[in-house]
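Enquirer: For the record, the sequence lines run as chains A and B.
Sequential numbering of the first sequence, starting at 500, is according to the numbering used here.
Sequential numbering of the second sequence, starting at 53, is according to the numbering used here.
What the hints contain is simulated information worked out from the structure, not anything from laboratory work.
The model shown is predicted, which means the values in this text are computed figures rather than measured ones.
Which residues of chain B face chain A? A partial, calculated answer using Cβ under 10 Å:
#	residue
1	Glu211
2	Ala214
3	Gly215
4	Thr217
5	Ala226
6	Tyr229
7	Ala231
8	Val300
9	Leu354
Note that beta-carbon positions come from the ideal geometry of N, C-alpha and C, so glycine has one too.
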Amino acid sequence: MQDRPFSDISFESYLNEEKLMGSRCSGCRTLYLPPRPICTACRGSQMRWEQVSGKGRLAAFTCISIAPPAMIAEGYNRHNPYISGVVELEEGTRVDARIEGIDPRKPEEIRIGMPLKVRFLHRGEHRTYLAFDPA
Amino acid sequence: MSGWDRQEGEREEMRMKKRRKLGRGVAVVGAGMSRFGMYKEKNSKDLFVEAFQEMTASVDKGFDPDDIDALYLGNFTNDFFIHQSHWGPIISDLVGLTPRPATRTEGACASSALAFREGVFAIASGFYDVVLVGGLEEMSKRTTEEVAEGLALATVPYEGQAGFTFPGVFGAVATAYFAKYGANREHLMNVTIKSHNNAPLNPKAQFPLTVRDMMNKKIEGARKKGQDVPGWADEKEFLSDLRANPVVAWPMHLYDCCPISDGASCMLLVAEEIARNFTDAPISVAGIGQGSGRGLHACEDLTFFEATRYAAQEAYGMSGLSPDDVQFAEVHDCFSIAEILHIEDLGFFQPGEGYKAVAEGMTRLDGSKPINTSGGLKCKGHPVGATGVSQLYEVWTQLRGRAGKRQVPAADLRVGAAHNLGGTGGTCTFTIFERR
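Take these sequences, add in the hints, and give me the full structure.
Expert: Below is the structure:
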């Protein structure tokens, strides 16, 4: 598994396997998630795969009522909103993800900083979306 | 300590090291824009002709379109919205410029600000003397959901997979800003109400109505139909009513979002040394800046746009002017929260103070720093590829004292600026104009 390229396609293939994988720079130890092939901190390109814990906190969110076609196809609409968010992982990096297990109709009750844990949403045979549930 | 504080020293150093300047001065001697709106009976070409004809008429001493050396044209998503790409030569032919070169620029909602910038460089290099720049977009022939999909082509890929739309991205930015600085939805309403107060004064605006006008229309409509008459006490009660102001991507409601629009804009740029051949009131390009930014997930702090701050530093550095010297500005208020972030990022107000400045009326037409005198994207409309040059049109018009009822009431109006943002902060520009 260590020889997969540090690409979006590899990141998604790991999601299919229910693994949240980033790349860590061997030179300056910066962690990237999704992975990057080039370290933008030190410009090094010696990367290693690293699995992260999947625990984090909510950094920002939105409850979306006007959905794009891909989300409409999943059954979301003006009457059935969903939550997208930015999650700060305990390793310090941030990811964009869907936020599940919280009522999107009560946004005032959602707190920035609330603890979350990863969930893998499988859609079709080879499509997995990154999501988080309240921890 | 904010990212701004941490990086300011570094940036200052960089700015001093690389103080940019043009090879020769560039001035704007003509400008035009179509009225923005939703048009069933007009296409991109029809709208560009309106802009071009107004621009031609605006050149005080007249000019021969044959003197135009080249065209730079911004367009974002006509490929997707109307299945037509390659707009440079289409417009070049439309206004009779072929076979002169025509180049399309794409930077999402900042596309025509990039066209403007390329035009400035082309003249500053000495290669051309007279350049036409502009932008266009035709969005209204698609459904709201399709427009959301088309615009979301300019999010970063991870955002789309997480379900983010453009309003969604700015909704998330708002929750981060609220949590850090203690602002709330009522502060966003102040931005909306302020912009709508300017809009009726702008004959080009898509929505030339105040929030109170719209509130009264709904009350009148209900009365005529014999329905229950809504009892809103004021604009904020109206904007808090989910039936009048439904959620798009919480906390972004309908009145926090710019509309879907069609429109076109253009400007005539010339070398400053020949500007007086065209007009006795040329407006000089004092500073231009552009930055690029990362996706949401890559930002440590979502309460500012790194690309805007970079663009601002570049433009201030080139011009030798400071935020205090800028007497008024157009900023990219695609969403209400965005206006608050921009007026902080551009240095008009300290980080975390922007929402208070709006609440205190400082950004009103009669305030100390008028922002979006045109009504902004929210009310003037936002045909994305046309927006950048239309913002510069407003600044140019104000500096020439021709803004009519929305004229900034300062005694000696000399410096104004425009900020344009593309995508989720991926491309930002800042341009400072000066009447010399």
